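Here the numbering used here is used: position 207 in the sequence shown is 216, and no number is missing along the way.
Simulated from the structure, these hints should not be mistaken for laboratory data. Be aware that one or more of the hints could be misleading.
[What the hints assert, rightly or not] DSSO-like mimics (lysine-lysine), calculated; alpha carbons at most 30 Å apart, straight line:
| # | residue 1 | residue 2 |
| --- | --- | --- |
| 1 | 195 | 234 |
| 2 | 375 | 195 |
| 3 | 279 | 121 |
| 4 | 158 | 121 |
| 5 | 163 | 111 |
| 6 | 195 | 158 |
| 7 | 111 | 234 |
Being a predicted model, the structure only gives us computed values, none of them experimental.
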Amino acid sequence: IGGPDSQIHSMVDAPILRSGTFAQTNSAIKMKLSCGLILLSAASCSAFSPTVLKGRSVSVSSATALSASRNRDKIASRSKWAEARGMSDDVAVAEKVEAGLKTNSDGLEYVKLVHENGSSSEIYLFGGDVTSYIDAEGIEYIAVRPDAKMDGSKPISGGLSHCFPQFGPGEIQQHGFARNVDWAVKSMDDTSVVLELAPSDYTKEMWDKEFLCTFTVSLEADQLKTSLVVDNKGEEAFDFQAALHSYFTVSALENLEISGSFEGKEFLNKMAGDGGEMQTEDRSAITIGEEYDRVYTGVNDPVLNDKGTGKSLAVLNTAGWEDTVLWNPYGDEGMGYNNFVCVESVKFDPFTLEGGASWTGDMALKASPLE
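Generate coordinates for the entire structure from the input sequences, incorporating the hints supplied.
What follows is the structure, encoded as structure tokens:
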């Protein structure tokens with residue numbers, strides 16, 4: 010609302026009230042459309058400017074005009090309206106979604122991926138955090154909490170947040186340091202980005218290991234793929250934990266069931282007892298009606314089924330991620346508890362990585378109609 014394209018759309022759809030004033034109205038509309046087109050052209054030019062990322066220049070590709078079916082329908086409708094009134098077909102302005110390196114209103118940089126079918130994703134360099142995945146139908150699957158800080162003052166509360174080299178509390182800060190430092194762009198194009206995290210003075214003060222984390226995000230026509238590779242660049246082995254602390258949108262918790270191989274599995278219920286207790290799951294599908302913090306070891310095939318959206322979202326853990334954590338701060342309105350759930354892809358038990366070796370965690374998100 011308020012952008013040049015929305016102004017053009019509203020003017021195109023405006024009815025002509027009396028045939029006697031057609032010529033005058035037609036002329037006025039042409040003038041307004043011309044102004045709108047100039048504004049839209051000026052706004053698009055910024056997409057061609059290079060952006061400097063942490064002391065190095067990153068060339069951002071030019072804006073990509075997408076031809077998703079819904080955009081073509083809008084353009085065709087505008088052309089038909091203009092043709093019927095003797096106007097130029099130029100009023101049918103193609104809507105553009107730009108891919109590349111961008112900056113939010115708080116100064117944080119992120120990479121925008123776009124697919125030719127209209128789907129998109131956003132990945133922040135701060136924390137290497139995937140904060141959005143919108144499919145070709147316009148449905149958002151990744152949640153960011155309403156209380157999240159998007160200025161780098163603290164880890165982003167939402168997205169596919171990295172926990173490395175520690176999950177939860179321990180010898181270093183909660184969930185490790187990977188979620189509150191800047192990752193570097195190694196390469197990117199319109200539908201994929203590769204980020205890297207290497208040791209710094211800040212990380213060495215907490216964890217003085219020779220590691221390299223490489224995180225790849227790929228936007229395909231029907232899914233979003235992620236891959237985290239941890240390399241031991243030294244000669245000595247080290248132990249680590251890792252997780253994608255993934256926040257997913259839900260229409261409402263009452264509409265949600267999480268299916269998978271949960272039934273009969275033991276899990277750690279951190280909300281029970283003084284420090285948590287082991288319990289056995291007797292349900293095949295999980296519903297959430299209380300505060301949740303549960304570690305299901307050996308379960309890595311969760312599917313979120315949302316009656317409100319009519320969609321199922323499969324979390325496809327195909328390598329490395331062996332466990333699932335379910336978390337929700339039930340009742341906390343400030344966190345927006347009723348519209349998200351964390352279904353986390355986790356390597357819960359510490360993994361020993363020998364010198365020169367690597368570990369890979371592959372996870373993809375794939376949506377389908379709810380059956």
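query = Which hint numbers does the structure go against, in order from smallest to largest?
reply = Hint 3 alone not satisfied by this model.
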